[in-house]
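Chemist: Residue numbers for the sequence shown, in the UniProt record's numbering: 1 to 240.
To be clear, the hints were calculated from the coordinates, so they are not data collected in a lab. One should not assume that every hint holds.
[Claimed, not checked] Using C-beta positions, here's what the derived DEER-type ranges look like: (1) ARG12 <-> THR197: 47 to 55 Å; (2) SER207 <-> GLN14: 16 to 24 Å; (3) GLU158 <-> SER225: 31 to 39 Å.
[Unchecked claim] Pairs of lysine-lysine residues, derived as DSSO-like cross-links and limited to a Cα-Cα distance of at most 30 Å, are as follows: (4) LYS115 <-> LYS194; (5) LYS25 <-> LYS155; (6) LYS115 <-> LYS185; (7) LYS25 <-> LYS186; (8) LYS216 <-> LYS25; (9) LYS216 <-> LYS71; (10) LYS117 <-> LYS185; (11) LYS194 <-> LYS31; (12) LYS216 <-> LYS13; (13) LYS13 <-> LYS71; (14) LYS25 <-> LYS117; (15) LYS178 <-> LYS25; (16) LYS155 <-> LYS71; (17) LYS31 <-> LYS117; (18) LYS178 <-> LYS216.
A virtual CB, placed ideally from N, CA and C, is assigned to each residue, including glycine.
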Amino acid sequence: MADMGNLWEDYRKQARQLENEIDLKLVSFSKLGTNYSSQHDFSDTSPLLNKSGSEHMFETMAMEIEQLLTKLAEINDRMAEYTQNISMTSPSAALLHTLQRHRDILQDYMQEFHKTKANITAIRERDDLLGSVRRDISAYKNSSGLNRRTEMYLKEHEHIRNSERLVDDQISVAIATKESLESQKKSLSGISQKINTLANRFPIINSLVQRVNLRKRRDSIILASVIAICIILLLLYMFR
């Protein structure tokens, strides 16, 4: 039993370490998305080297976060197997509660990562589209002749259709984000009620409640910032 207890503590230690690493990576990943958006708003004057560097950093960080999330999921699975393999006594409520808390943290991290990655990918696609439009316009200015103009008009029409599809995709992302926020709000409300009930019974859990509240406020600020940036970019693109 002592060895089993040490094994559980080792799993918890690994999980907390991975969660701390993922938390730091996600903050840096979110900042990278903000910087990426700022750089690509001035794509005409931004050096190509900076763009390629940002894209390489995006791919590298995304891969690192995915690997950490995979490791954390494996640790959670091992913790779940541990609770199922206890033969002498059934798993205590504290073990199950700890396991569920780590699973909830993993779920929150995965949602935040996929949302940030989708936003950066949308910005890259928009930049590629706008870059193609600028190149076509430049080629049009340097050319002459009725056939060339007709060809450019057809290309412009196609670019407008692509832009409309891109705007529709952005609106879909915004709607999905809103639904995700509403779902998270309901989940967090239920968790808060359970935690408050436990806190009233066990004063030692008050510190855990405070940490959860801090995490909620921080996630809300990050999500609000991402949504605000998306809306501002959409408005700038639609009315420019």
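Chemist: If a hint holds in the structure, say so; if it does not, say that too.
Modeler: Results of checking the hints against the structure:
no. : hint                          : result
1   : ARG12 <-> THR197: 47 to 55 Å  : violated (23 Å)
2   : SER207 <-> GLN14: 16 to 24 Å  : holds (22 Å)
3   : GLU158 <-> SER225: 31 to 39 Å : holds (34 Å)
4   : LYS115 <-> LYS194             : holds (27 Å)
5   : LYS25 <-> LYS155              : violated (41 Å)
6   : LYS115 <-> LYS185             : holds (16 Å)
7   : LYS25 <-> LYS186              : holds (26 Å)
8   : LYS216 <-> LYS25              : holds (18 Å)
9   : LYS216 <-> LYS71              : holds (24 Å)
10  : LYS117 <-> LYS185             : holds (21 Å)
11  : LYS194 <-> LYS31              : violated (33 Å)
12  : LYS216 <-> LYS13              : holds (23 Å)
13  : LYS13 <-> LYS71               : holds (13 Å)
14  : LYS25 <-> LYS117              : holds (13 Å)
15  : LYS178 <-> LYS25              : holds (24 Å)
16  : LYS155 <-> LYS71              : violated (47 Å)
17  : LYS31 <-> LYS117              : holds (12 Å)
18  : LYS178 <-> LYS216             : holds (16 Å)
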